[in-house]
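Chemist: Okay, here's what each chain looks like letter by letter:
Number of protein chains: 2
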Amino acid sequence: MGRWPTGSRERLQQAALALFVEKGFDQTSVSDIASRAGVTERTFYRQFGEKREVLFDGGESLQLAITEHLSTSPPDERPLEAAERALMHAATEFFSDRLPFARKRQSVIDANPELQERELLKMASLVDAIRDSLASRDVPETASRLAAEMGVAAFKVAFGRWIDPANGRSLADLIRDCLDEMRDVAAR
Amino acid sequence: MGRWPTGSRERLQQAALALFVEKGFDQTSVSDIASRAGVTERTFYRQFGEKREVLFDGGESLQLAITEHLSTSPPDERPLEAAERALMHAATEFFSDRLPFARKRQSVIDANPELQERELLKMASLVDAIRDSLASRDVPETASRLAAEMGVAAFKVAFGRWIDPANGRSLADLIRDCLDEMRDVAAR
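Residue numbers (UniProt numbering), protein chains in the order written: chain C, 1 to 188; chain R, 1 to 188.
Hints are computed from structural coordinates only; laboratory data are not their basis.
These numbers come from a predicted model, not from an experiment.
Be aware that a few hints might be false.
The list treats identical chains as interchangeable, and a pair is accepted whether it falls inside one copy or across any two copies.
In the DMTMM-like style, the derived pairs of lysine to aspartate or glutamate whose C-alpha atoms are separated by at most 25 Å in a straight line are [what the hints assert, rightly or not]: (1) K122 / D26; (2) K156 / E41; (3) K104 / E141; (4) K23 / E68.
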């Protein structure tokens, strides 16, 4: 679950992603990946429990970074602002140097309905984690849930903009912009 | 895809849901369902393409009712208000007399991760449909997407409250309340 994959782990991830893009996710075997990375299949399975984990293993660390940041936010901060700051923090922490990876990863996911379902499940789990983290700070339950839903929706939209080839801005800036637009949309 | 299943279709749906609750979704076969409903398996497959469709066949009609309502909304209506009215309309149209069904259905889905993924996919598809419908009315793309995300998030939270045994209010009222709470959460 390390943030900075090194050595065989990094090679495996790069090899896997290149193959997923070239051949498609379902058509790529663990044997293909290990062979391209110049390691054994056993090394693959030591690093990743299964093929899908190459794409999803960062999700838990991301979630943890967000909820840890939330747990240190000022107790009187409003829930959406707390969620916003935590998401921007995690964006800077996790994604600053991951744009090429994120673009390739997204193209693989877009081509595969099962991977899309898995990604949706990951996002739903992030909503639950943010909601629980806010609720533990005495934010009422519905407000916690709604702020979590709004924060994650903004994150998703910002992420889509971030990986757009025409974009040159940081993910954190785009998250802030999306939440500001959401505030405009919500204003009567 | 009829809203008011009658005859064998209705019997099949009730039999299936009762069996899913009793035995679990995976442990229930189409043969069990047909036998409980007093029809042949062939009749089941004529009504539902597969077992999962018993739970998800209303999704397309719901989506269509929402987007059709959106297409008739006043052109100067703000996107979140348009989404809100369409969701409230569909809630009244589709769910007024479906509370016992909705409760059982949710308990089946909550017990099965694959069904949860399917439900998430259905909700993501609803977000896309609302976004497209708003964007076709010249709402800017990001505002369309954000209003769609917020509307569906409110729908989900309202739905959870609606099926709560302690609730006595209508789904439409709960959607309106959730969107008002969302506006409060969004206000700085």
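Chemist: Output the numbers, in ascending order, of every earlier hint that fails for this structure.
Modeler: 2, 4
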